[in-house]
Amino acid sequence: MLKVEHLSVGYDDLQVVWDVSFEVPAGALVAIIGSNGAGKTTTLRAVMNLLPLMGGAITFKDEPIVGTPTHQIVERGLVMIPESRATFASLSVADNLHLGAYTKWARAEKKSAMEGVYEIFPRLAERRTQLAGTLSGGERQMLAIGKALMARPEMLVLDEPSLGLAPMIVEDTFDEIRRIRERGVSVLMVEQHVEMTLELVDYAYVLELGQIVTEGSSRDLMTDSRVREAYLSF
Amino acid sequence: MSRWVSTMVWLLVLVAFAALGSITDDERLMTLAIQTFIFAALASSWNVLGGFAGQVSLGHAAFFGLGALITRELWLGEMALPLAIVIALAVTAAVAAAVGLPMLRFRGIYFSVGTLALGVAVWITAGNVWPGISSLPADALREYEFTGPYYVALGVVAVVVAVSMWLKRSKLGLGMMAVREDEEAASATGVSALAYKMIAFVISAVLAALAGAAFAFFSVSYYPQFPFSVVWTFEAITIVFVGGVGTIVGPLVGSVFFVVGRDMLSSTFPEIQVLTFGVLFIVVVLLLPGGFVEAGQRLFKLVSRGGADQKAKTGIRPGEREGKEKT
Amino acid sequence: MTQLVLQSAVSGLLVGGMYGLVALGLALAFGVLKVLNVAHGELVMLGGYAAFLIFTERGIDPLLSMPLVFVVLAFIGVVLYQLLFRFVVRFDIEKRIKNSLLISFGLVLILQAIAVLLFTGDDRSIVTGYSSAAWVVGMVRIPWVRLSGLVVAVIAAVALEWLLTRTTFGHAVRGTAEDWSLASLAGVDVRRVYMIAFAISAGLAGLAGSMVSLGYSVNPTIGLGWTLKALVVIVLAGLGSMRGIVLAGMLLGLIEGLASVWVGGPYRGVVALVVFLVVLSFRPQGLFGRGGAYV
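Chains as they are written, first to last, in numbering that gives the first Met the number 0: chain P, 0 to 233; chain W, 0 to 326; chain F, 0 to 294.
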């Protein structure tokens, strides 16, 4: 579904990501794991064309998307939930969801999509006229996911979905991600919580200081000694 | 260029202009020269606050007008010119200190709009309190010579440039530029942003008043409200940006360009002049933020390296794309 | 004396409506694009000339020609956006504001010069059959041509609010105003939103200009004065409510009107600026601003 080859990204003259390649096959649940500052967010933002590339090729559904305006990438079915600040604080819950279905093909199904989101997250239904800025962290995350679902994505990209959430909420969130994949949406997530992530995903890449140092199926990585030493607690 | 060489060059330029004042009799040339000096001084004074310290004041004319007003009133009232100027500067410094403190608490755009509001308020008030035209008395008119105003204006711009140069190289100037680049970062390293901004504000105001004094001494007759007009601020800012904001030479080059350009276009409608400079200003802000100075530097690099392998790094550049999210 | 005070108050409220109308457009541009267009007053001026020309050439009453003036100015807005402001929105917010301030500053000079070349520096005013008509309520005289400005302001505010809160486009605009990169991640074409918002902003300036040439007068230099008033109104109102802006405009007009009774006419202009500085110092978020709102 999504193929990234030899991606290099930087800010002005500071290069942050070097020659990164990864792939998300259709229907798969893939993760890029790494600690803070590894370049995970930068990579994702470059994929969505929020940052200019220094080099590399990106294809989505076999079509190149380097240089394609962000909103058009979204129109093609690739939706990203950014790390924190993923909802419009000055808009109500309902308006956030409305805006989530801004793309043409999502608009057609807006009503049913919204009902679907309220079913999955009844708390959002209760608070539908509330400003998103007044929601709790967990509710905001729910709204962010709901908003992303409204866009009827073919592939969902999540930047650190567990960030700032209580462990129980993280579990709920990860369950929801699993269910999203079961509905046929391909998922790429970027995470620091290595253990929980490896238990969730099929395949993962490890990013360190802007470079992919290793990759493999989650089972292989969990048994990889380097990964265990660096990231896992046992 | 070593310090000594550049100082020598500046002194040479100064001497050349001083000589010019004695040699020539051409009234038009002298008028243009004096206007250039006054604009150069005014623009350089704005540059101290806007270029070094990065605070865009839109009410600058208030101090220019104040300097002109006090100098004119005292001098026409039989006081010696040097004393009148000193008093004008002292009063301006006091006013600037009083006004600067509340104003500088505002940041960025609020500061700019606040100073604009203040400048216009002062202009309105000046027009109400001093509505009558200020003219030189008859005998002074008959004896009017350009030499005096010429040397006063030359002296003024020399002082302003000297102060600017000293400031730019001093620790004070460094602090101002730190505040300009990133006020929060500067504060975090113990730089009192407010203090540096205040100093820049007061120095800038006093230098503007000095330019105003030269204007008062040079002008035969004008409405006292005139030097308070926001147009002077506009023109000073245009000159600074077109010449090269933040540099010493920029305002000077810009003022020569402005006065000469205006003179050349004066045969056409005055509106064409304004139009031209307006367009030029926009072009500079968008494409060449460093003005003529940057253009000159790039040209020099291009010629001396025979190629464009080196990207000229200037302070502020239009970004290429949406990027650099500020956290 | 009471008559004077009442009349001054009412006249102030009426002109305040105009302040609000001018401020609406400026607030929209600033709230959505984070661009400060100090040449907004010049757009008002051009709108006034447009209405004047339509009236003198075609005899169409300014109240009827308003939609046309809106379209003309909106078109000018699109042109200005594509030529100038499109490049400014590439920067981050801080630089955007600073650069747009400078650029629109140059635009002030340019538009004024063009106006003088096209229309000369004379004052122009639209005089219609009802130009001297007024409602008399007790001791107070309410001229129709000035009341119309207030009415247009209220209608425009309501229409804008409806657009922003009840339409999909309005959601996109508000989202863009808060966080443009998040909006583009939602599939919003941010550039297009910017362009349309700016065009609407210019169109609103045109409407204000129509009313200015009907109830007051137009000449090439009026721009900056209206821009300053609009800025004061925006600071007074805060962002987040179009209605609030019109109310703040009326409040400013009222304060000016009452102050002029005691301080005298020539210092009217100073009043606004004092209000501005006081509000900025003590309540920078404005009187009617919805905390956290962006447009």
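Check the hints yourself; a few may be wrong.
Among the chain F residues that face chain P by a calculated CB cut under 10 Å, a handful are [what the hints assert, rightly or not]:
1) T1
2) Q2
3) L5
4) K97
5) R173
6) E177
7) S183
8) V187
9) D188
10) G263
11) R282
12) Y293
Hints in this document: simulated from the structure, not taken from any laboratory. Ideal Cβ placement from N, Cα and C applies to all residues, glycine included.
Legend entry - Status of the K97(F) interface restraint (C-beta, 10 Å, chain P): 19 Å, violated
Inset, instruction - Report holds or violated for the interface hint on E177(F), using the least CB-CB distance to chain P and a cut-off of 10 Å. - result: Hint on E177(F): holds, closest Cβ of chain P at ~5 Å, below 10 Å.
Legend entry - Hint validity - G263(F) Cβ closer than 10 Å to any chain P Cβ: 43 Å, violated
Legend entry - chain P contact restraint on R282(F) - CB to CB distance below 10 Å: 20 Å, violated
Inset, instruction - Would you settle whether the hint for Y293(F) is holds or violated, based on the nearest Cβ-Cβ distance to chain P being less than 10 Å? - result: 6 Å, holds
Inset, instruction - For the hint on Q2(F), just tell me whether its beta-carbon gets within less than 10 Å of chain P. - result: This hint is violated: Q2(F) lies away from chain P, its Cβ roughly 46 Å from the closest one there, beyond 10 Å.
Inset, instruction - Would you check whether D188(F) satisfies its interface hint, that is, whether its CB is within less than 10 Å of any CB in chain P? - result: 5 Å, holds
Legend entry - Hinted contact L5(F) with chain P - closest CB pair below 10 Å: Status violated, d = 40 Å.
Legend entry - V187(F) as an interface hint toward chain P, with CB separation required under 10 Å: Holds. Min distance 6 Å.
Inset, instruction - Hold the hint about T1(F) up to the distance rule: shortest CB distance to chain P must be less than 10 Å. - result: 45 Å, violated
Inset, instruction - So, R173(F) near chain P? Judge it on the closest CB pair being under 10 Å. - result: 6 Å, holds
Inset, instruction - Double-check S183(F) for me: the hint is only fine if its C-beta lies closer than 10 Å to a C-beta in chain P. - result: This interface hint holds because 4 Å falls under the 10 Å limit.
Going through the hint list in order, the structure does not satisfy hints 1, 2, 3, 4, 10, 11.
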